[in-house]
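Asker: Residues per chain, in single letters:
Protein chains: 2
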Amino acid sequence: MSLSSFQESPSPFKSRSEVSRTELLKSSLLFKDVNPATLQELERTASSRTYSKGSLLFSQGDQANHFYLIKSGWVKLFRETLDGDEAVIDVLNDLHLLGETAIFENGQHNYSAEVIEESVLLSFPSHILKQAVENDSKMALNMLAVMSRFRRLQSNELEHRTVQNAPQRIGCFLLRLCNPNSKGAITLHLPYDKTLIAARLGMQPETFSRALARLKEETGIRVRGSTVELDSINQLSCYSCNACSESYPCDDLL
Amino acid sequence: MSLSSFQESPSPFKSRSEVSRTELLKSSLLFKDVNPATLQELERTASSRTYSKGSLLFSQGDQANHFYLIKSGWVKLFRETLDGDEAVIDVLNDLHLLGETAIFENGQHNYSAEVIEESVLLSFPSHILKQAVENDSKMALNMLAVMSRFRRLQSNELEHRTVQNAPQRIGCFLLRLCNPNSKGAITLHLPYDKTLIAARLGMQPETFSRALARLKEETGIRVRGSTVELDSINQLSCYSCNACSESYPCDDLL
Numbered sequence: 004m005s006l007s008s009f010q011e012s013p014s015p016f017k018s019r020s021e022v023s024r025t026e027l028l029k030s031s032l033l034f035k036d037v038n039p040a041t042l043q044e045l046e047r048t049a050s051s052r053t054y055s056k057g058s059l060l061f062s063q064g065d066q067a068n069h070f071y072l073i074k075s076g077w078v079k080l081f082r083e084t085l086d087g088d089e090a091v092i093d094v095l096n097d098l099h100l101l102g103e104t105a106i107f108e109n110g111q112h113n114y115s116a117e118v119i120e121e122s123v124l125l126s127f128p129s130h131i132l133k134q135a136v137e138n139d140s141k142m143a144l145n146m147l148a149v150m151s152r153f154r155r156l157q158s159n160e161l162e163h164r165t166v167q168n169a170p171q172r173i174g175c176f177l178l179r180l181c182n183p184n185s186k187g188a189i190t191l192h193l194p195y196d197k198t199l200i201a202a203r204l205g206m207q208p209e210t211f212s213r214a215l216a217r218l219k220e221e222t223g224i225r226v227r228g229s230t231v232e233l234d235s236i237n238q239l240s241c242y243s244c245n246a247c248s249e250s251y252p253c254d255d256l257l
Numbered sequence: 004m005s006l007s008s009f010q011e012s013p014s015p016f017k018s019r020s021e022v023s024r025t026e027l028l029k030s031s032l033l034f035k036d037v038n039p040a041t042l043q044e045l046e047r048t049a050s051s052r053t054y055s056k057g058s059l060l061f062s063q064g065d066q067a068n069h070f071y072l073i074k075s076g077w078v079k080l081f082r083e084t085l086d087g088d089e090a091v092i093d094v095l096n097d098l099h100l101l102g103e104t105a106i107f108e109n110g111q112h113n114y115s116a117e118v119i120e121e122s123v124l125l126s127f128p129s130h131i132l133k134q135a136v137e138n139d140s141k142m143a144l145n146m147l148a149v150m151s152r153f154r155r156l157q158s159n160e161l162e163h164r165t166v167q168n169a170p171q172r173i174g175c176f177l178l179r180l181c182n183p184n185s186k187g188a189i190t191l192h193l194p195y196d197k198t199l200i201a202a203r204l205g206m207q208p209e210t211f212s213r214a215l216a217r218l219k220e221e222t223g224i225r226v227r228g229s230t231v232e233l234d235s236i237n238q239l240s241c242y243s244c245n246a247c248s249e250s251y252p253c254d255d256l257l
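Taken in order, these protein sequences are the chains called A and B.
Quick note: the first sequence, position 222, residue 225 per the numbering used here, numbers continuous.
Quick note: the second sequence, position 8, residue 11 per the numbering used here, numbers continuous.
Possibly wrong hints are sitting among the right ones.
Because identical chains cannot be distinguished in the list, a pair is counted as satisfied if it fits within a single copy or across any two copies.
To be verified - Once the Cα atoms are required to be at most 20 Å apart in a straight line, the calculated EDC-like pairs of lysine to aspartate or glutamate come out as: (1) 186 <-> 234; (2) 133 <-> 36; (3) 56 <-> 44.
Hints listed in this document are in silico derivations from the structure and should not be mistaken for laboratory results.
Because the structure is a prediction, the values reported are computed rather than measured.
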């Protein structure tokens, strides 16, 4: 569950580990319908590696020599203040990109990235992306679409931090884990631990606990460990989406 | 004072009203060093108009037929929830763009835009921008640079909402109005009214008043109406920037 979610689903009949590098690239919106030569060059320069939990991929301010595509796993993007506080900017999973924007600005990563569970990542030299954007206008339009989408999701996030209360924000987070086409009862599994969900939503762990208790009380959803049970999507959408400028299901979930 | 600030200064010897359309376009980072044919096409299709205070340029969800460059004045970008609450996403002034990203995604504006004091805006048909990006790779790279910068500023904002307290956020807002090269005392004028500054910072007016009082008490800055006096930049940077992952002056102010 991440702020940015610009992936399309790869073949539903294969697990991510069976998916070839070409198929993986083609499932990312960034590489959709690009020139075959662009795709070949990206494939040729890509390197795949497994990272263990806790690996720091890069730190804020580092030179952006590579960008990454997540094949499987979870990566946390965060920033650390001089006072030592940490702000989680996003938590990304399969088919998301990271470190891709720095090269269009000052060449430095503007967040740090840490692997939070064993992950397989494809990395690419940054200059290849810039070159691809210069040589292939479809690649430029895709990159702009990805960034526009991210900007919209960040605007959503700022809106929610302004007008939604903490239980509504947790409700929104859970709603985005649901299949919008589901009818009837739904059982969800939290994608990562509650402390990180709290941080991702900009809350202290104790605020998160209190807010989750209030959400359960006010909507009737049931939470046991990392399992959440809903009677229907309405149970949460009535509660959270009235305090949002978009209506459920949000465009990017469709 | 806006979240996005990707303009360069036009000639310092001319007021904005004397600046020609060509000079105005050239002062925007978006159009820097683009192909002369691209610039000509943009100039040819641009239309200039004065908007009075309160004019609604477009609403969230509207088809994005035009994008705008602010020649002079102030424009508020905002979102409204079903419950009727408003979240201010940004407040923009001279040389900022608005409505430019929608065309790379679903073609719909994802915020509303309202003129908050008499403004002169240049408007351009949206398809011209898409065409320019397709035909001129410099234009594509500029657009990506503008969007990367905006994304970084939005990440900053999310970080601040997470780790800075309300007085620190007001301090940051004031710091960004200062000339980073100033030595000694500084007198600032608030760029728009305090209610809007509060909304821009995601605060209720009463929270803003209390936070401003605490900021004055803790840093010794003086505020009279819309005038703010500082003994030095340090007075605020020591207070706000320790609770930030970037150090003063932020890259985009340089």
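Asker: Compare the structure with each hint and give your call.
Answerer: Status of each hint after checking the structure:
1. 186 <-> 234: within (9 Å within a copy, 62 Å between copies)
2. 133 <-> 36: both (17 Å within a copy, 17 Å between copies)
3. 56 <-> 44: neither (30 Å within a copy, 52 Å between copies)
Hint violations for this structure: number 3 only, all remaining hints satisfied.
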